[in-house]
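Residue strings, one per chain:
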Amino acid sequence: KAGVTQTPRYLIKTRGQQVTLSCSPISGHRSVSWYQQTPGQGLQFLFEYFSETQRNKGNFPGRFSGRQFSNSRSEMNVSTLELGDSALYLCASRGVSGANVLTFGAGSRLTVL
Amino acid sequence: DAKTTQPNSMESNEEEPVHLPCNHSTISGTDYIHWYRQLPSQGPEYVIHGLTSNVNNRMASLAIAEDRKSSTLILHRATLRDAAVYYCILRPVNNDMRFGAGTRLTVKP
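First to last, the protein sequences are chains U and W. Take -18 as the starting number for the first sequence in the working numbering and just add one per residue. Take 19 as the starting number for the second sequence in the working numbering and just add one per residue.
Since the hints were made in silico from the structure, they are not lab data. Keep in mind that a hint or two might mislead.
Which bits of chain U does chain W cover? Going by a derived footprint, with three or more residues having C-beta under 8 Å, they are [to be verified]:
hint	stretch
1	10 to 21
2	29 to 43
3	85 to 93
Not everything, but these chain W residues come out facing chain U in the computed CB check (under 7 Å) [said to hold, decoys possible]:
hint	residue
4	G61
5	P62
6	Y64
7	D114
8	R116
9	F117
10	A119
Note that the coordinates shown come from a computational prediction; the quantities given were computed from them, not determined experimentally. Glycine residues also receive a C-beta, built at the ideal position from the N, C-alpha and C atoms.
Chain U extracted, bound-state conformation (with noise of 0.2 Å):
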């Protein structure tokens, strides 16, 4: 079973552009959660969406949006790049039956200059 697929895996921009990142969930689950990680701040919980509707959201400003798909692949944007937006961006899948655990991908590490 293939895992979480995160792409791409690493991105330069600058300030003021934006960036879509894309993720690909384990064949049959549902569900997309989004993270932010960051030396200061730690893991960020983004949002998350369920069969294509934002189910739950982290308390981050309306420059970081995402949406799903029908085929659950997921992707988030952060429009308007700031400095502090560099960071390990995570995707984690999960089910909707059994243990209900995240499963993450590798990341997509952004560095915005």
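Keeping the supplied structure of chain U fixed, place chain W upon it in accordance with the hints.
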């Protein structure tokens, strides 16, 4: 937002047991207790979870206090590969899972 409290760091010697504590005094009756760990340069990985009873799997054991206000993750024989940040998280009914700072475990050879 984290509803759990963990020590910032702990040290262990290789091949000795490690007990990682977690306090969750505001836990509700429907919250599951989950543990994840994050190895260097990797995303977090699931370790174990439980609701009321103690749990064992191939990676670890989870001991849950009778009042459920605390739990302990037990690594029976720590190896160098167990050096990681360990997160104790509560999973509520709505599955809104927030990570705290976790405990950084150092394993000394």
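Hints, verified against the model:
Counting residues of the stretch 10 to 21 of chain U whose C-beta lies closer than 8 Å to any C-beta of chain W gives 3; at least three are required, and the coverage claim holds. With 5 residues bearing a CB less than 8 Å from a CB of chain W, the stretch 29 to 43 of chain U meets the requirement of three and the coverage assertion stands. Coverage of the stretch 85 to 93 of chain U by chain W holds in this model, with 4 residues showing a Cβ closer than 8 Å to a Cβ of that chain against a need of three. For W:G61, the interface hint holds, since its Cβ comes within 7 Å of a Cβ in chain U; the closest pair sits about 3 Å apart.
Below 7 Å, beta-carbon pairs count as interface contacts, and W:P62 has one with chain U at about 5 Å; its hint therefore holds. Of the supplied interface hints, the one on W:Y64 holds, with its beta-carbon coming within about 4 Å of a beta-carbon of chain U, less than 7 Å. The beta carbon of W:D114 is positioned within 7 Å of a beta carbon in chain U (closest approach about 4 Å), and the interface hint is therefore held. Proximity of W:R116 to chain U holds as hinted, the smallest CB-CB distance being about 5 Å (cut-off 7 Å).
Hint status for W:F117: holds, given a least beta-carbon distance of 4 Å to chain U, under 7 Å. The interface hint given for W:A119 is met, as the beta carbon of that residue sits about 5 Å from the closest beta carbon of chain U, less than 7 Å.
Figure legend: structure checked against the earlier numbered hints; every hint is met.
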